[in-house]
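Student: Read off the chains here:
2 protein chains.
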Amino acid sequence: MKPSIPKGTRDFIPADARKREYIFSTIKKHFKSFGYQPIETPAMENLSTLTGKYGEEGDRLIFKILNSGDYLKKADKSALANEDSKSLISSISEKALRYDLTVPFARFVVQHQNELTFPFKRYQIQPVWRADRPQKGRYREFFQCDADVVGSESLWYEVELMLLFDRVLTDLKLPGFTIKINNRKVLSGLAELIGQPDKIVDFTVALDKLDKIGRDKVIEEMLAKGLDAASLEKAYPIFDLPADPESCLEKMRDLLKDSAIGLEGLKELEFVYTQAKLAGIKKADLALDFTLARGLDYYTGAIFEVKAHEVQIGSICGGGRYDDLTGVFGQKGLSGVGISFGADRIYDVLEALELFPKDTARQNDVLICYFEDEMAPNNFSLCTTLRDRGVSAVMYPENAKLKKQMKYANDNDIPFVVLAGDKEWSEGLIQLKNMETGEQTSHSKDDLILTIAKYCGK
Amino acid sequence: MKPSIPKGTRDFIPADARKREYIFSTIKKHFKSFGYQPIETPAMENLSTLTGKYGEEGDRLIFKILNSGDYLKKADKSALANEDSKSLISSISEKALRYDLTVPFARFVVQHQNELTFPFKRYQIQPVWRADRPQKGRYREFFQCDADVVGSESLWYEVELMLLFDRVLTDLKLPGFTIKINNRKVLSGLAELIGQPDKIVDFTVALDKLDKIGRDKVIEEMLAKGLDAASLEKAYPIFDLPADPESCLEKMRDLLKDSAIGLEGLKELEFVYTQAKLAGIKKADLALDFTLARGLDYYTGAIFEVKAHEVQIGSICGGGRYDDLTGVFGQKGLSGVGISFGADRIYDVLEALELFPKDTARQNDVLICYFEDEMAPNNFSLCTTLRDRGVSAVMYPENAKLKKQMKYANDNDIPFVVLAGDKEWSEGLIQLKNMETGEQTSHSKDDLILTIAKYCGK
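Protein sequences appear in the order of chains A and B. Here the first sequence stands for residues 0 to 457, where the numbers follow numbering that gives the first Met the number 0. Here the second sequence stands for residues 0 to 457, where the numbers follow numbering that gives the first Met the number 0.
Don't read these hints as lab results, they were simulated from the structure. Incorrect hints may have been included.
Each pair may be met inside one copy or between any two copies, as identical chains are not told apart.
Straight-line distance between alpha carbons at most 27 Å, and here's what the computed DSSO-like set of lysine-lysine pairs gives [stated by the list, open to error]:
| # | residue 1 | residue 2 |
| --- | --- | --- |
| 1 | Lys282 | Lys72 |
| 2 | Lys52 | Lys266 |
| 3 | Lys1 | Lys85 |
| 4 | Lys27 | Lys457 |
| 5 | Lys266 | Lys72 |
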């Protein structure tokens, strides 16, 4: 039996796991400094909690868990007789794997409302599962890294979340990235402008493709979707907006001057953009992008998307505001705004640009070689002292040829090797080999410990 | 619809999540300094990978995932017709949730053997799922924190793992705990001694209860299991072993003098015990315990168990050596030794003894109050500066009554509140309120930042 794992899932060997850990811990550090609080929800939710929240396609892609024990006993007999897979599900499966972190968060907020103080800021870094067809960059198990605040309509949270994007991606040393912002209300205003508010989705979905397919094809698609050509022309100015944000907003205000909702959206956008600039963006380019149209099913205000420069990979982060996060679980009127870091794509960007810090490749800081059995307790004790200082130290566990022990250090990118046998211990001078330079130096035990600890920043 | 989660699973609100994070990060810190490497395996394994590895009871308790799409199409028709839940499973479920971390680790080692260097030391901190009947302290989803080394028979790893128990639990400030060690070979020796090696399981399972039910009941149970009374008497000296480890080992060597395997076990035990003592145990009591009999189905050498003093809760950690970890996946002869920290029980112990550090209760370091809208950008910028120094800072997001804002700080255990409105900014003197002492002080902006950062150790 050749061992394998389900398609679309992944094992992470240490070199990869350390790189992932670097991304997660960087994100977590900033989530914390921005005041977001950790929560955890179970991998399994009641199937009824998830069903109907992600559209029909989503319902299909939720992994269902078979009930335990004699699960056919309570099965829907007619579905069983008709071999109707879909109808049978709810009678043989009560639980399912989390499909995203937003629905469990909404469920959590309602369930624990009396234990929380609002506005409630939470972060959550946990895996989700989707029965999607696996393909490059799309997995059936992947981590989401979400920060959301619920219970306030203050636009300062939009500003804060833009800074959070900036700080995390700057800290990860991304050489360049753009935070695109739009506002759902502006899109509604544009749909009003062309007199077809019911066509907002067709209109915005086509508009969203402007970057990729260009103005003519966008208009072509809109017409094909039944948008009226004459009315559509009123919106043409959006194809020729000035690059400068001030002038761009000015022109949009003029365009949407008769749409109350459109003007409100522009006012929000201007506030968020201006305050984010003012608060001090470190590395991000900020861009107003009136073609940005993600999450139209749920976003009601701000819409965010982050793209990395230099790597073609789609968006690496996203987010937005949803006015009624918890309504479906019975608590109306709680507005939320949140963002999500796409850890897998960020990983691919850092890998492509060789931006992972060198020490994520390093398995251990030091290998202590094994010579005579009689000296092993001395060597082990040295190993223990180094560990107590936080140095990642290993002792080769048995008497093997030195060549084999050195190969172990090499194979595992261990930068230091300690050579201490009978002779060294009796002379009180231990040999330290720097595996990068090949240089070998003699040290007293105390000096050796200090040297290694210092190198490792411990 | 009242929101809920599946029984036996848990949500963790921030106060609890921070405490869990404290335990996990402490464990992880020592895993790393001891040279163990992180790996991750998918939550879902192929059902065939897990089936048959945990006994019949285990097979029942594995959570199975229903195949996606029209899963009944490939269902076993006769099982379906007979409504035979058990026989149907393999035809409608290919995947299952991980039941422990050991079997996925063994699968991982075989699958990735060419990418690993042996001896391979890995740690893994991930959730596992069991369809057990939920009860106090037993959950259907819980985390395991495992460290294992595979590919070496060196007893130095046993020594190292005992030190790892000691360092983690000392760091978590446990006031007292005992690491019990035994060796499967000694148990085999005892079974030989009484001439009934085939009865080793009955013999050791009864012996394991000595602490709880006492000598007489243990013997009673052994006799009831069909052990021969006269032969059994030969083993009676184990009920009267001296407390001193040296004399105890001496007496055991005498008792098992005719059992080669028994003597080998004693030699291993003596080495591990002596070297661990020599290497410098910080807080743990070490105890040879010849009644310790966990994991008899797989452990072949050392057996470990850790108990906390002062709290009645069963063992908080365990572990042992298994000679043929990966054989079932086709790679013979790889010996492994590993330990597991019971994070949930450790949590309960720390909670019971009030050992969680005070700052795990703290949501944020500082709240910046909101006064006039015009001053909000100043306040937000102060917030950003503090965050950039690593301080967890939040700004109240809108103009609310000061009382409400102070309540927010109180409810969330935020130790500092910054009061900076029009007056304070124009005078250049910002008010800082220490919520613990009630003391309020005036600071220039720079001084304020330094004061807060210093208090938070940033």
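Student: If the cutoff is 27 Å on CA atoms, where do Lys27 and Lys457 land: within, between, both or neither? Let me know, please.
Tutor: Both ways: Lys27 and Lys457 sit 22 Å apart in one copy and 16 Å across, limit 27 Å.
Student: Treating 27 Å as the Cα threshold, decide for Lys282 and Lys72: within, between, both or neither.
Tutor: neither (60 Å within a copy, 54 Å between copies)
Student: First find the shortest C-alpha distance between Lys266 and Lys72 inside one copy, then the shortest across copies, and answer within, between, both or neither for a cut-off of 27 Å.
Tutor: neither (59 Å within a copy, 55 Å between copies)
Student: I want to check one pair: Lys52 and Lys266. Are their C-alpha atoms no more than 27 Å apart within a copy, between two copies, both, or neither?
Tutor: neither (31 Å within a copy, 62 Å between copies)
Student: Give the relationship of Lys1 and Lys85 under a CA distance limit of 27 Å: within one copy only, between copies only, both, or neither.
Tutor: Only across copies: Lys1 and Lys85 sit 25 Å apart there, 33 Å inside one copy, limit 27 Å.
Violated hints, in rising order: 1, 2, 5; the structure is consistent with all others.
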